[in-house]
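**Q** Here are the chains, one letter per residue:
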Amino acid sequence: MAEKSKPSPDRRQFLAEAFRYAALGTLGVIGGAAFAKRYRMVQDGKCVDSGLCKECGLFEKCYKPQVWQIDPYKCIACGNCATYCVLEESAVKCVQVYPVCGYCKICFGFFEPEPHDINEGAENQLCPTGAIKRTYIEDPYYEYTIDESLCIGCGKCVKGCNTFGNGSFFLQVRHDRCLNCNECAIAAACPSGAFVRVPADRPYLLKEVEHA
Amino acid sequence: MDRRLGATDIRVFVGILIGLVIVIAVVAVIRLDTTGEKGSGLGTDFEYNLEQLGKIDPNLILFEESAKPIDTGFETTHAISIDSHGAIYVAGDKVVRVFNDGGKLLNTIELPEAPMALTVETIASEDSKSENLKIYVAMKDHVEIYNGDGKSLASWKSLGDKAILTSIAVSENNVFIADAGNRIVWCYDTTGKIINRIGRKEEDRNIPGFVIPSPYFDLAVGRDGLLRVVNPGIHHIEAYTFEGDLEFAWGEFSTGVKGFCGCCNPVNFAILGGPDPAGADDSFVTCEKGLTRVKIYDPEGSFVGVVAGPEQLVEGGKVETCDTPEECHLGGFDVAVDSAGRVFVLDTIKNIVRIFSRIEDPS
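So the protein sequences, as listed, match chains A and E. Taking my numbering, I'd label the letters of the first sequence as residues 2 to 213. Taking my numbering, I'd label the letters of the second sequence as residues 2 to 364.
Calculated directly from the structure, the hints in this document are not laboratory data. One or more of the hints may lead you astray.
[Claimed, not checked] Quick partial rundown of chain E residues pointing at chain A, CB under 10 Å, derived from the structure:
1) K39
2) G42
3) F47
4) L51
5) V212
6) P214
7) T256
8) C262
9) G263
10) C265
11) K290
12) G291
13) L292
14) T325
15) P326
16) C329
[What the hints assert, rightly or not] Simulated DEER-style distance windows between Cβ atoms:
17) E:S153 with A:G131: 52 to 58 Å
18) E:L107 with A:V210: 35 to 41 Å
19) E:G302 with A:E115: 20 to 26 Å
20) A:L88 with E:D246: 56 to 62 Å
Here the structure is a predicted model, which means the values were calculated and not measured. Don't be surprised by glycine CBs; every beta carbon is placed ideally from N, CA and C.
Between the sequences and the hints, there should be enough to build the whole structure, so can you do that?
**A** See below:
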């Protein structure tokens with residue numbers, strides 16, 4: 002008795018199967034991309050883009066949650082951080098790294114480029130929201146601190162400090178405010194590619210001391 | 002009949018409404034800026050604008066660029082010096098390169114590490130028939146000395162981890178080294194022995210101490226036998242005897258062209274010693290960062306004129322020298338002068354040397 006041959010699938014069946022697998026594959030890619038946005042492999046304290054985990058070969062130990070941060074050496078203080086954040090008050094704030102600061106008497110992150118006088122009068126201050134506090138230490142040194150409740154992350158002081166001083170003022174995403182969106186609106190609008198993902202257990206990128 | 006007409010009107014109205022909603026939605030999506038191209042939308046109060054301040058009255062500009070810029074070929078440059086014959090020494094990367102004023106490479110001296118500053122001493126032989134060169138190169142924490150052929154003559158002891166040497170000058174038997182890390186000027190003899198420390202804060206001697214917020218701290222010896230040292234944090238150039246007594250100081254803060262702008266300027270200077278091109282022998286050529294300006298002051302510190310302003314030194318008519326923090330960090334240009342009174346500006350961002358000569362008739 003001749004064996005009954007297996008019926009070949011018709012075109013409609015074939016297309017339906019192909020569509021299902023394609024949809025499944027697309028879902029996998031989207032899921033993977035979403036996972037990759039939030040988790041990246043971290044080895045020796047740094048995010049790496051590829052390679053197997055040194056410890057387990059998989060992702061259990063090496064893949065860690067990521068958060069958004071600004072690379073202070075790439076940031077050009079364009080002002081987009083102040084307005085592109087989905088929060089009403091941007092999660093980006095100016096920070097001050099004291100070991101880098103020169104404690105200048107005439108700080109160009111604090112004073113207008115052409116101040117009327119060298120004092121704390123509002124008309125002499127660079128910050129439009131008055132978010133920088135100037136405190137006398139000893140002649141001729143002054144300390145500058147950021148009032149985060151007033152800072153909107155516009156980066157005007159960052160430009161002044163970078164141009165004339167040591168660059169001790171710079172912008173950082175503050176993680177007590179940031180929602181850590183998968184698609185950060187500021188990152189998409191950043192013209193210098195300064196927005197990067199960093200491991201959540203090391204969420205800040207601080208400048209290093211490079212001066213006297 | 003009327004009712005049918007009314008029904009038709011409502012359908013048209015709903016259709017128009019839906020069409021309008023679709024148009025508004027499409028326009029909103031098109032106008033949505035997800036790439037930051039349209040800028041922050043913040044007002045002018047939030048802009049940092051130096052454009053007006055960077056403009057210099059053309060009548061104040063006494064020099065013009067007189068030759069094609071010299072491309073040094075370095076990735077990073079730190080200092081420039083000119084010997085008595087007009088050869089141009091540029092220190093950068095881990096090399097000193099020697100050029101003629103046409104930009105031809107004459108010599109190369111390999112260094113063990115990155116240089117911070119250099120100076121060239123010309124020593125006449127005992128019979129005065131020949132000359133020898135001694136090239137002093139300041140590294141971060143010590144000094145290396147080479148002859149004109151690039152042969153190492155000496156390597157002085159390190160001044161420690163805290164030292165950041167930024168300038169060096171030689172006068173007779175004294176070698177002066179500016180140390181921004183320790184905020185002091187070291188005075189050596191020519192054998193490498195420390196013989197004095199100049200500029201430490203001493204109220205009894207009326208010495209204010211050096212205020213150095215960033216690693217720019219220059220010095221030079223004038224023909225009057227006084228050591229000139231920049232005190233950048235208080236915008237002064239101070240004159241010291243070789244024994245360390247402060248004789249006088251000049252300079253003031255001003256964003257206007259006659260003063261020194263920013264938190265800490267001037268970053269570098271040179272003393273015009275040859276035939277006077279600017280109307281006063283031994284006048285000073287100063288270089289500022291931030292608002293990059295090269296200017297001339299007479300020996301008493303009165304403003305004389307401008308060699309080049311931001312519009313001459315930054316391409317494309319831009320006023321700000323730097324965009325990124327890395328560029329800004331490198332943005333302290335160095336200056337040197339030759340015996341003909343020409344001013345050589347080392348652009349430490351583009352790593353080129355620009356040559357400026359006095360305009361014969363500025364009017």
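**Q** Could you run down the list of hints and mark each one as holding or not?
**A** Evaluation of the provided hints:
Using the Cβ-Cβ criterion of 10 Å, the hint placing E:K39 at the interface with chain A is satisfied: the shortest such distance is roughly 9 Å. Here the hint on E:G42 is kept, as its CB sits about 5 Å from the closest CB of chain A, short of 10 Å. Evaluation of the E:F47 hint against chain A yields a held restraint, the C-beta minimum of about 5 Å falling below 10 Å. With a cut of 10 Å, the hint placing E:L51 at the interface with chain A holds, because the nearest CB-to-CB distance is about 6 Å.
Interface hint at E:V212: satisfied, since its Cβ lies 6 Å from the closest Cβ of chain A, which is below the 10 Å cut-off. With its C-beta approaching chain A no nearer than about 2 Å, E:P214 sits inside the 10 Å limit, and its interface hint holds. Given the 10 Å rule on beta carbons, the hint for E:T256 holds: about 5 Å separates it from the nearest Cβ of chain A. Here the hint on E:C262 is kept, as its CB sits about 7 Å from the closest CB of chain A, short of 10 Å.
Because the smallest distance between the Cβ of E:G263 and any Cβ of chain A comes to about 4 Å, under 10 Å, the interface hint for this residue holds. Against a cut-off of 10 Å between C-beta atoms, the interface hint on E:C265 holds, since the closest Cβ of chain A lies about 6 Å away. For the restraint placing E:K290 at the interface with chain A, the shortest Cβ-Cβ distance is roughly 7 Å, inside the 10 Å limit, so the hint holds. Annotation: E:G291 was flagged as interfacial toward chain A, and the flag holds, the nearest CB pair being 4 Å apart, inside 10 Å.
At a threshold of 10 Å, the smallest CB-CB gap from E:L292 to chain A is about 8 Å, leaving the interface hint in force. For the restraint placing E:T325 at the interface with chain A, the shortest Cβ-Cβ distance is roughly 6 Å, inside the 10 Å limit, so the hint holds. Checking E:P326 against chain A: minimum C-beta separation of about 5 Å stays under 10 Å; hint holds. The interface hint given for E:C329 is met, as the beta carbon of that residue sits about 4 Å from the closest beta carbon of chain A, less than 10 Å.
A hinted range of 52 to 58 Å holds for the C-beta pair E:S153 and A:G131, which are about 57 Å apart. A hinted range of 35 to 41 Å holds for the C-beta pair E:L107 and A:V210, which are about 38 Å apart. In this structure, E:G302 and A:E115 meet the distance hint of 20 to 26 Å, their C-beta atoms being roughly 22 Å apart. Take A:L88 and E:D246: their Cβ atoms lie about 60 Å apart, and the range 56 to 62 Å holds.
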